[in-house]
Amino acid sequence: MDFTLKIWRQNAPKEKGAFETYKISGITPDCSFLEMLDQLNEQLVREKKNPVAFDHDCREGICGMCSLYINGRPHGPDDDITTCQLHMRKFKDGDTITIEPWRAGPFPVIKDLVVDRQAFDKILQAGGFISVNTGAAQDANTILVPRDKAEEAMDAAACIGCGACVAACKNSSAMLFVAAKVSQLALLPQGKPEATKRVKAMVAKMDELGFGGCTNTGACEAECPKNISISHIARLNREYLCAKLKD
Amino acid sequence: MKNLDARIPDGPLHEKWTRFKNTCKLVNPANKRKLDVIVVGTGLAGASAAAALGEQGYNVTVFCYQDSPRRAHSIAAQGGINASKNYPNDGDSIYRLFYDTIKGGDYRAREANVHRLAEVSGSIIDQCVAQGVPFARDYGGYLDNRSFGGAQVSRTFYARGQTGQQLLLGAYGALNRQIALGNVKMFPRREMLNVVVIDGKARGIITRNLVTGEIERYGAHAVILATGGYGNVYFLSTNAMGSNVSAAWQAHRKGAFFANPCYTQIHPTCIPVHGDYQSKLTLMSESLRNDGRIWVPKKKEDAEKLQKGQIKPADVKEEDRDYYLERRYPAFGNLVPRDVASRAAKERADAGFGVNNTGLAVYLDFADSIKRLGKHVIEERYGNLFQMYEKIVDEDGYTQGMMIYPAVHYTMGGLWVDYHLMTTIPGLFCAGEANFSDHGANRLGASALMQGLADGYFVLPYTVGDYLATEIKTPRFKTDSQEFETAHKEVKDRIDRFFSVNGNETVDSFHKKLGKIMWENVGMGRTEQTLKTALKEIPELRNEFWKNVYVPGKPDEFNQELEKAGRVADFLELGELMALDALNRRESCGGHFREESQTEEGEALRHDDQFSYVAAWEYKEGVKFELHTEPLKYEVIQVQQRNYK
Chain A
1 MDFTLKIWRQ NAPKEKGAFE TYKISGITPD CSFLEMLDQL NEQLVREKKN PVAFDHDCRE
61 GICGMCSLYI NGRPHGPDDD ITTCQLHMRK FKDGDTITIE PWRAGPFPVI KDLVVDRQAF
121 DKILQAGGFI SVNTGAAQDA NTILVPRDKA EEAMDAAACI GCGACVAACK NSSAMLFVAA
181 KVSQLALLPQ GKPEATKRVK AMVAKMDELG FGGCTNTGAC EAECPKNISI SHIARLNREY
241 LCAKLKD
Chain B
1 MKNLDARIPD GPLHEKWTRF KNTCKLVNPA NKRKLDVIVV GTGLAGASAA AALGEQGYNV
61 TVFCYQDSPR RAHSIAAQGG INASKNYPND GDSIYRLFYD TIKGGDYRAR EANVHRLAEV
121 SGSIIDQCVA QGVPFARDYG GYLDNRSFGG AQVSRTFYAR GQTGQQLLLG AYGALNRQIA
181 LGNVKMFPRR EMLNVVVIDG KARGIITRNL VTGEIERYGA HAVILATGGY GNVYFLSTNA
241 MGSNVSAAWQ AHRKGAFFAN PCYTQIHPTC IPVHGDYQSK LTLMSESLRN DGRIWVPKKK
301 EDAEKLQKGQ IKPADVKEED RDYYLERRYP AFGNLVPRDV ASRAAKERAD AGFGVNNTGL
361 AVYLDFADSI KRLGKHVIEE RYGNLFQMYE KIVDEDGYTQ GMMIYPAVHY TMGGLWVDYH
421 LMTTIPGLFC AGEANFSDHG ANRLGASALM QGLADGYFVL PYTVGDYLAT EIKTPRFKTD
481 SQEFETAHKE VKDRIDRFFS VNGNETVDSF HKKLGKIMWE NVGMGRTEQT LKTALKEIPE
541 LRNEFWKNVY VPGKPDEFNQ ELEKAGRVAD FLELGELMAL DALNRRESCG GHFREESQTE
601 EGEALRHDDQ FSYVAAWEYK EGVKFELHTE PLKYEVIQVQ QRNYK
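Sequences listed follow chains A and B, in order. When you line the first sequence up against my numbering, it's residues 1 to 247, in that order. When you line the second sequence up against my numbering, it's residues 1 to 645, in that order.
What the hints contain is simulated information worked out from the structure, not anything from laboratory work.
Over the 12 Å line for every Cβ pair with chain A, so calculated as not near, a few chain B residues:
(1) Lys34
(2) Asp199
(3) Arg476
(4) Lys489
(5) Lys532
(6) Asn543
(7) Glu595
(8) Thr629
Chain B side only, calculated, beta carbon under 7 Å to chain A, not exhaustive:
(9) Gln127
(10) Gln131
(11) Val211
Which residues of chain A face chain B? A partial, calculated answer using Cβ under 10 Å:
(12) Ala12
(13) Val45
(14) Phe54
(15) Asp80
(16) Val115
(17) Arg117
(18) Leu124
(19) Gly128
(20) Ile130
(21) Cys159
Glycine is no exception: its CB is placed at the ideal position from the N, C-alpha and C atoms.
Generate coordinates for the entire structure from the input sequences, incorporating the hints supplied.
Here is the structure:
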């Protein structure tokens, strides 16, 4: 298969970027999207040109490091996957593919397709945990969690922190990301003692870092590679309201 | 040869760890604030160690090469974590977990370490549940367990097929809490490129800021490496693309011994290789072997038709299928340890019974389980794995079965550590997959997560404290000393050298060539001849690398080719040591299979009279290595030929 690639190139955070066009040929349908980019980079390095910088690591859809806005969609045209799991069989021979970094104020571009997502770490540092010191825990089976709650908590906990929800949202809202953690911990008895403090601190940090408001368009859920439901945003809103009412 | 003292406490095996905890030196809270600890790596071992040490009040500085600590490759572990809780009442105990781990490791692990691991395993589950890790539960709300390879009890706790992710996010949460409290400082997108040794003790590290390219210096009273395994020396493995040996290798070059490098684990259930542009291999969790049955056709003509795509697996009648693991190992069946399952798959493929177009695949079939339990149960247990399979292979695993083949997955070898998890450089500790300690020659499934968290949460907080108690009068380290200058210069010189070569070959092309040499000669089956071939070809390739590699761009910018160049340069030295170690060990044990040393039935044959030792290698100038040995003494376990029949 042959493709024309329009790729965002930007040398440094403050420098101006632009699209550049590349041709690549001889790609097989079994090849993954990132392996296609590997081949482009191999080609560029052989021509003694600078390769395209992009984030990636596990290449099995779980570390959350890969990103890429492909033909206007975070993680590209397939559903329920990350970019590293996208395969070229999802494109047609001869297609032109446009590749951009995540576009969101709180995720500034570092180089080419690489963005800085430390804002997500900062939100979780504001309260996305249970305060338990190592060694303090009682026997695991003394905390009973109803199976349906455990399953729902797991659904939320599946978030990989990739940022597709923010990239998909017209307001660059991080509500789905924040909701996933708040919801996971609110569903579990272990998370209850800090629930009020947690939800307020995390929402305040999200606002402080410049993420936009949620207007319930549902784009985040549609693009989430882990299929995290916006019903968790509803739970976040409930938790937040209850917490605020107690103020 | 140096005398390697593992500093194992006295007393009966089951009292050693308690005695250590009762008698180790402690640091009072006011002094802890004055002591600095560096942790490199944020996987299960690194994140848990950093969090636990931060909780105790030490000043902790943490580094990772990814953009966030949450990305470390522990996140990709799927199946579960072992603990001897005996919740299912099926006969498990600390002793049995200890026994299974020693046996699974083919009697090449240290008894005292493994017993300690089994002792703390239960506390790990308690800790993780308290952190909010959403483990699978039964309808009564109690924790659920499943079985795993190499054990006859169900002691594996799991969170769907994402156990590593959930445990890592738990440890990452604990780490975030300490960052928020100011006890831990986190430096992502940093790669450790040197260790600073002052008066014989590890006192700091040199890192490269991967965003700006700046070379940075950090001092500390102790340094912990939790930097993972070296499976990427094979180029294709289940490791993350960035997983590398460089931190451990730089420590090795500075005097830390490297133990048992030839012990590599080839995981039996991975998606087969499909093309030469392929960048990595994807694991399908071993837990699938609970409900999947592994087979190839009995008749060669069926295998040939399957290879040519003329028939589908469903066309092969039940009586024409060879469930070779059930046939060869009736007691453990599909749940034999990984090394045994991998070799059995290779044996069938080599004999011409492989099933995909390359002939290098076997079937993992779920038809029986689906019939017995219903598709929804299988979907609930492994849904994400079937989805992953479908996305990669474009086939439905429920109806077609999965095609699988062994792939490099884990490395049991690593930096030599004593009972305190300290390397041969005082003050330099090593935890998790990066050390060699607990798995002998083969790791059992669901034991890597257990070891990483045991080291980080429950071992290092005691042993690092014991070391730091002797350092309370040592002031903070200034990073302008001669030793820091020298270490900094070494890093800078090496980076400059990459650019000055200015050759014509890409870094990846060297990595692929090295991977091919390793897989063909130091892979699943090794002979004296293949190892000698590797020992000839690797140094040649290394010379070629330093003459003809091309690294684009500049040193002081975001430069992923430069990052790769450093890692491949280190792999080009490690690969040679692996071959040397494999050549030295003229026996088969666990993941190390010397074809000259096998039983009549083709099983691994150990030579305990000659090789019941840990091989710990010292680095010498000019990529030379000197062997030291730590004899393994078994006081409690009776050493036997492993038998899973």
